[in-house]
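Once you've looked at the hints, dock chain C against the given chain L.
In order, the protein sequence lines correspond to chains L and C.
Position in the first sequence (from 1) plus 119 gives the number in our numbering.
Position in the second sequence (from 1) plus 119 gives the number in our numbering.
Heads up, some of the hints might be wrong.
Repeated chains share a single entry, so a pair holds when one copy, or any two copies, can fit it.
[Stated by the list, open to error] In silico SDA-like cross-links for lysine to any residue, where the CA-CA straight-line distance does not exceed 20 Å:
| hint | residue 1 | residue 2 |
| --- | --- | --- |
| 1 | Lys454 | Leu327 |
| 2 | Lys402 | Asn384 |
| 3 | Lys375 | Lys404 |
| 4 | Lys295 | Gly448 |
| 5 | Lys322 | Asp198 |
| 6 | Lys404 | Ser383 |
| 7 | Lys279 | Arg253 |
| 8 | Lys247 | Asn458 |
| 9 | Lys432 | Glu367 |
| 10 | Lys316 | Ala239 |
| 11 | Lys375 | Arg342 |
| 12 | Lys315 | Met197 |
| 13 | Lys150 | Asp190 |
| 14 | Lys404 | Tyr382 |
| 15 | Lys402 | Glu379 |
| 16 | Lys315 | Leu327 |
| 17 | Lys375 | Ala348 |
| 18 | Lys265 | Met401 |
| 19 | Lys402 | Phe372 |
| 20 | Lys375 | Arg395 |
| 21 | Lys404 | Gly368 |
| 22 | Lys402 | Glu367 |
| 23 | Lys316 | Asp199 |
| 24 | Lys315 | Ser196 |
| 25 | Lys247 | Glu456 |
| 26 | Lys315 | Asp198 |
| 27 | Lys404 | Phe372 |
| 28 | Lys316 | Asp198 |
| 29 | Lys322 | Gly235 |
Derived by calculation from the structure, the hints in this document are not laboratory data.
There are 2 protein chains.
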Amino acid sequence: MEEKVISSLPLKPEIIIDAMGGDFAPDEIIKGAIQGRADFDVEITLAGNKARIVASAERCGLSLEGIRIADAIQDVSMDDAPSDVIKHKKNSSIYIGTELASKNRNSAFLSAGNTGAAMACSLINMRKIEGILRPAIATVIPLGSKRFILLDVGANADIKPEYLKQFGIMGSIYCKEIFKTTKPRVALLNVGSEEKKGNEVSKESHKLLKNANINFIGNVEGRDIFNDAADVVVCDGFVGNILLKAFEGMAGFFFKEIKEVFYSNMMTKLSALIVRNNLRVMKQKFDYEEYGGALLLGIDGITIISHGSSKAKAIRNAIRLGAGSLKGGIVSKIKEEINSLNNNLES
Amino acid sequence: MEEKVISSLPLKPEIIIDAMGGDFAPDEIIKGAIQGRADFDVEITLAGNKARIVASAERCGLSLEGIRIADAIQDVSMDDAPSDVIKHKKNSSIYIGTELASKNRNSAFLSAGNTGAAMACSLINMRKIEGILRPAIATVIPLGSKRFILLDVGANADIKPEYLKQFGIMGSIYCKEIFKTTKPRVALLNVGSEEKKGNEVSKESHKLLKNANINFIGNVEGRDIFNDAADVVVCDGFVGNILLKAFEGMAGFFFKEIKEVFYSNMMTKLSALIVRNNLRVMKQKFDYEEYGGALLLGIDGITIISHGSSKAKAIRNAIRLGAGSLKGGIVSKIKEEINSLNNNLES
Chain L
120 MEEKVISSLP LKPEIIIDAM GGDFAPDEII KGAIQGRADF DVEITLAGNK
170 ARIVASAERC GLSLEGIRIA DAIQDVSMDD APSDVIKHKK NSSIYIGTEL
220 ASKNRNSAFL SAGNTGAAMA CSLINMRKIE GILRPAIATV IPLGSKRFIL
270 LDVGANADIK PEYLKQFGIM GSIYCKEIFK TTKPRVALLN VGSEEKKGNE
320 VSKESHKLLK NANINFIGNV EGRDIFNDAA DVVVCDGFVG NILLKAFEGM
370 AGFFFKEIKE VFYSNMMTKL SALIVRNNLR VMKQKFDYEE YGGALLLGID
420 GITIISHGSS KAKAIRNAIR LGAGSLKGGI VSKIKEEINS LNNNLES
Chain C
120 MEEKVISSLP LKPEIIIDAM GGDFAPDEII KGAIQGRADF DVEITLAGNK
170 ARIVASAERC GLSLEGIRIA DAIQDVSMDD APSDVIKHKK NSSIYIGTEL
220 ASKNRNSAFL SAGNTGAAMA CSLINMRKIE GILRPAIATV IPLGSKRFIL
270 LDVGANADIK PEYLKQFGIM GSIYCKEIFK TTKPRVALLN VGSEEKKGNE
320 VSKESHKLLK NANINFIGNV EGRDIFNDAA DVVVCDGFVG NILLKAFEGM
370 AGFFFKEIKE VFYSNMMTKL SALIVRNNLR VMKQKFDYEE YGGALLLGID
420 GITIISHGSS KAKAIRNAIR LGAGSLKGGI VSKIKEEINS LNNNLES
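Only chain L is shown next, with the shape it has when bound in the complex (with noise of 0.2 Å):
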């Protein structure tokens, strides 16, 4: 199968998806294929357990027709460390999965399952891109009708200023491509504006991002980026973190307050009737799932990660993004971008 693969690009892009990845898989995963292959003009691997994705598919109601399957027979659980599933379990949907987008520059791989693994298969299957010094997770942080960049979101806890500097092109790249923002607002998330604000690490990437070939705005501090400050904003992977998931922790305590004032009384759940629709699109502007996942960026190959608790929705729009990074070609520009860079320190 793997040999097929190789020898017949296919014209449409290919997204290779984990259907075993994810709080809601397999059935969530495959619906979720299912519609995002209706959608987008794409071609559908679900790598996974080939008997255990049929059934969930009789049992769903759903038909596999054109969808192709490659069979992985070994689990991966959240708790696997990555490198137990590097060595012990190339049978996986993971490993699978990102060793067959590697034999295809027009294929990338969606996962909703354990980060880690699909970071590390990632870089064994894939490799990082050459002159790269770390890959890095990008997430779209929802602002309304806005959004903005942040990465990175978790590959790298310790962190130096030339990371984050290759960070700022890498995320300028993917901004443009898939946003279509002509110049695109690079910022480093920071505790003040001032150039010489922050710990030694910022102070340092600082210098260095404002000599990169990107639009470079200088430092964003955590109240900016709620008001449309930047359209990329770039810190290291502890607190990209830490920040992701404050937001998604705060703005389910938000709704849930919210709920609380429409259940006080009659009246209020009246009003709660009137604002219902309202209400369920300003919801939606803070919806993860409206960009599907995160871009690993970095390595040779293109790589998606959902959130755990990915559903069909999710998915659906994840190979949206897969799709248009290979559009856009993110891998090649982030390659000439990365050599022209290094030519120029070289001369």
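Positioned in the frame of chain L, the structure of chain C alone reads:
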């Protein structure tokens, strides 16, 4: 005047307030000071330009009866470097105020002005508690009817595990004395709940916190903290500052979006009338003014840092925090704890 303060140890707690600091100084600061004096059993000293304080009180129709004024002729701007204030602005409200507070065990200092200057002057005049490695700024994040203490939110951009251990101890004492929590749940902000998650500093900090004489419950993620997972959340000042400001930014953004929902059309505007009161109550639950300010922990005295945009209500509530901190004996309790910690290390 200083002589008088030294010799006549007031029976009531004394709050020395920087009348010149903050966006709405001196009017709102003086209003808040008068409200606080009326509501809590405290003496008030206003540190600042006497002529301007008197003029402001006259303009606002406020009586300064019973309130002391410590005249301070120099101004500190938000841009003044803390080191310059220490060296060249010894006649500023912040310098004089911290100096006065240092001379009386029952006095606290409060400023909504230049945070760096307030910190630096507190360190110079009140000095660090012996054995404390670094002071930390501890703030309260409101969570509806609940809340948690977050520290450090800005005193230390670069951090060592030993600092975080002490932050846990100081935060626990703060929570006990101010919120009367019997056994505060202290947690380390991290990217995963497992002990070995995070960056190098957090892994080491986890070990140290586990062995501290506090109710350490382990790591919490950005999501958990909005779900009442801990009473005290410990982090470095870089992450804490970004998170605190992100919290403010997100809350502002949410309420802006909610407003739009209600302003959509006639019917939704009608609905807004119905839930208006409940919504206002909800908004109050997110209001930092309810807690008035952040406590600078680790110095041999009480300094409260209020938000730059503090109005009278925030200053009034900061006075409550100052009085509570003095009455609770937070400083002597931190001293005891750090002493016994260091004695244990030596024995």
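Right, here's what the structure says about each hint:
1. Lys454 with Leu327: Answer is within; shortest intra-copy Cα gap is 19 Å, inter-copy 43 Å.
2. Lys402 with Asn384: Between. Shortest inter-copy distance 18 Å satisfies the 20 Å Cα cut-off; intra-copy 22 Å does not.
3. Lys375 with Lys404: For Lys375 and Lys404, the Cα distance is within 20 Å both inside one copy (16 Å) and across copies (13 Å).
4. Lys295 with Gly448: Within one copy only: 11 Å inside a chain, 56 Å across chains, cut-off 20 Å.
5. Lys322 with Asp198: between (36 Å within a copy, 18 Å between copies)
6. Lys404 with Ser383: Between. Shortest inter-copy distance 16 Å satisfies the 20 Å Cα cut-off; intra-copy 25 Å does not.
7. Lys279 with Arg253: This pair counts as within: shortest intra-copy Cα distance 10 Å, inter-copy 24 Å.
8. Lys247 with Asn458: The answer is within: 14 Å in one copy meets 20 Å, while 51 Å across copies does not.
9. Lys432 with Glu367: Within one copy only: 18 Å inside a chain, 30 Å across chains, cut-off 20 Å.
10. Lys316 with Ala239: Intra 34 Å, inter 16 Å, cutoff 20 Å: inter-copy only.
11. Lys375 with Arg342: The answer is between: 14 Å across copies meets 20 Å, while 22 Å in one copy does not.
12. Lys315 with Met197: Classified as between: cross-chain Cα gap 15 Å, same-chain 40 Å, threshold 20 Å.
13. Lys150 with Asp190: within (18 Å within a copy, 72 Å between copies)
14. Lys404 with Tyr382: Classified as between; 17 Å across copies, 22 Å inside a copy.
15. Lys402 with Glu379: Both: 15 Å inside a copy, 12 Å across copies.
16. Lys315 with Leu327: within (13 Å within a copy, 31 Å between copies)
17. Lys375 with Ala348: between (27 Å within a copy, 16 Å between copies)
18. Lys265 with Met401: within (12 Å within a copy, 25 Å between copies)
19. Lys402 with Phe372: Both, since 12 Å and 13 Å are each at most 20 Å.
20. Lys375 with Arg395: Both: 14 Å inside a copy, 17 Å across copies.
21. Lys404 with Gly368: both (15 Å within a copy, 16 Å between copies)
22. Lys402 with Glu367: Both ways: Lys402 and Glu367 sit 12 Å apart in one copy and 19 Å across, limit 20 Å.
23. Lys316 with Asp199: This pair counts as between: shortest inter-copy Cα distance 14 Å, intra-copy 39 Å.
24. Lys315 with Ser196: Result: close only across copies, 18 Å inter versus 44 Å intra.
25. Lys247 with Glu456: Close inside one copy (15 Å), not across copies (50 Å); limit 20 Å.
26. Lys315 with Asp198: Intra 41 Å, inter 13 Å, cutoff 20 Å: inter-copy only.
27. Lys404 with Phe372: both (15 Å within a copy, 12 Å between copies)
28. Lys316 with Asp198: between (38 Å within a copy, 12 Å between copies)
29. Lys322 with Gly235: Between copies only: 18 Å across, 29 Å inside.
Violated hints for the displayed structure: none, as all numbered hints are satisfied.
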